[in-house]
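J.: Sequence:
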Amino acid sequence: MGDELGGKILGASDQVTNFWLNLNFKNNPFAVLDILLVALIIYWGYLLIKETRAIRIFYGILMLALVMLLGQVLQLSAINFVLKYLVTMILVAIPIVFQPELRAFLEKLGRARIVTDFTHLRKSELDLVVDDIVKSAKLLAKNKTGALIVLAQKTGLKDFIETGIRLDSKLTPELLLTIFHPKTPLHDGAVIIGGNKVIAAGCTLPLSEDQFDYSIGTRHRAAAGLSEQTDAVIIVVSEERGTISVAYNGQLSREVSPKELEDFILAILHQKPSNKTKDENLEVKKLEEEIKKDDAK
Numbered sequence: 001m002g003d004e005l006g007g008k009i010l011g012a013s014d015q016v017t018n019f020w021l022n023l024n025f026k027n028n029p030f031a032v033l034d035i036l037l038v039a040l041i042i043y044w045g046y047l048l049i050k051e052t053r054a055i056r057i058f059y060g061i062l063m064l065a066l067v068m069l070l071g072q073v074l075q076l077s078a079i080n081f082v083l084k085y086l087v088t089m090i091l092v093a094i095p096i097v098f099q100p101e102l103r104a105f106l107e108k109l110g111r112a113r114i115v116t117d118f119t120h121l122r123k124s125e126l127d128l129v130v131d132d133i134v135k136s137a138k139l140l141a142k143n144k145t146g147a148l149i150v151l152a153q154k155t156g157l158k159d160f161i162e163t164g165i166r167l168d169s170k171l172t173p174e175l176l177l178t179i180f181h182p183k184t185p186l187h188d189g190a191v192i193i194g195g196n197k198v199i200a201a202g203c204t205l206p207l208s209e210d211q212f213d214y215s216i217g218t219r220h221r222a223a224a225g226l227s228e229q230t231d232a233v234i235i236v237v238s239e240e241r242g243t244i245s246v247a248y249n250g251q252l253s254r255e256v257s258p259k260e261l262e263d264f265i266l267a268i269l270h271q272k273p274s275n276k277t278k279d280e281n282l283e284v285k286k287l288e289e290e291i292k293k294d295d296a297k
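For the sequence shown, counting from 1, position 280 maps to 280 in my numbering; every step adds exactly one.
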């Protein structure tokens, strides 16, 4: 059986080799251009869905493709039978599932990509950004001005950015106070911040499906809803009570102080996926528990 499996793997390898040989680089000078164009199209497509939630669906399809390849190499009859009919459904479903991304790809080909996270900032720059955000939240709470501020991280928020007005403006407390002023047209939506820029304003967020008490308003439900779907940090300022709340990882912590908010944001945004440590995870969990205890009081 080992020899048979090895022969199948070698056969697949030979097919790949024959593919490259048939390109005929010597007699066809455009063969290299052909490969580059295909690679570029694949790269553009990846960048397009990388900024959206569709990337998860893409990974699922990729895993299914690997299972199909494995089933053919090992001649797994049952798997091949199921996948044979599943492929047809997938081919029909792809244009439907990825319809927004496909339309955006055709309409906005070549459009510049917007940075929507904080990973490119140095620690000193990040501290200044967080200070501006906390200062803005404090002033908004003092004036009882309702606000919904989203701090984007790794999960793409392009779907939600497109529901508002793109600004791509430098983040300042004055800008945030102006946006959320009750007489401005964008004050009812959410502001999405990426790095040291306000990416968009007036954005619509998904409402949480969890059951909250009747004192929870639409802004708080929207903050909880987005935190359930993404890794963003969402800050809410209550228009009625003048209090600050923060939502993260599906949890909504209410009536936090500006200091607690600052410590919480810094603990999360200072974490890097490549070098996240247990101590950093414990620090975030500790802050979450402290805020929940204060909320319970």
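Accuracy of the hints is not assured; some may be wrong.
Just the calculated beta-carbon pair ranges, DEER-fashion [to be verified]:
| hint | residue 1 | residue 2 | range |
| --- | --- | --- | --- |
| 1 | GLY217 | ARG166 | 24 to 34 Å |
| 2 | LYS84 | GLY250 | 31 to 41 Å |
| 3 | LYS144 | GLN251 | 21 to 31 Å |
| 4 | LEU36 | ALA65 | 18 to 28 Å |
| 5 | LEU86 | LEU128 | 48 to 58 Å |
| 6 | LYS123 | ALA65 | 33 to 43 Å |
| 7 | PRO206 | TYR85 | 12 to 22 Å |
| 8 | HIS120 | GLY217 | 46 to 56 Å |
| 9 | TYR85 | SER169 | 49 to 59 Å |
| 10 | THR88 | PRO258 | 28 to 38 Å |
Since the hints were derived computationally from the structure, they do not count as laboratory data. Ideal Cβ placement from N, Cα and C applies to all residues, glycine included.
J.: Indicate, hint by hint, whether the structure satisfies it.
T.: Against the structure, the hints:
1. For the pair GLY217 and ARG166, the supplied restraint of 24 to 34 Å holds, since their beta-carbon distance comes to about 26 Å.
2. For LYS84 and GLY250, the hinted distance range of 31 to 41 Å is satisfied, since their beta carbons lie about 39 Å from each other.
3. The supplied range of 21 to 31 Å is met by LYS144 and GLN251, whose beta-carbon atoms lie about 25 Å from each other.
4. Take LEU36 and ALA65: their Cβ atoms lie about 23 Å apart, and the range 18 to 28 Å holds.
5. Hint check: LEU86 to LEU128, Cβ distance near 51 Å, so the stated range 48 to 58 Å holds.
6. For LYS123 paired with ALA65, a C-beta distance near 41 Å keeps the hint of 33 to 43 Å intact.
7. Take PRO206 and TYR85: their Cβ atoms lie about 34 Å apart, and the range 12 to 22 Å is violated.
8. Hint check: HIS120 to GLY217, Cβ distance near 34 Å, so the stated range 46 to 56 Å is violated.
9. Range check, TYR85 to SER169: about 51 Å between beta-carbon atoms, so the 49 to 59 Å window is met.
10. One distance hint, 28 to 38 Å for the beta-carbon pair THR88 and PRO258, is violated here, with the actual separation near 56 Å.
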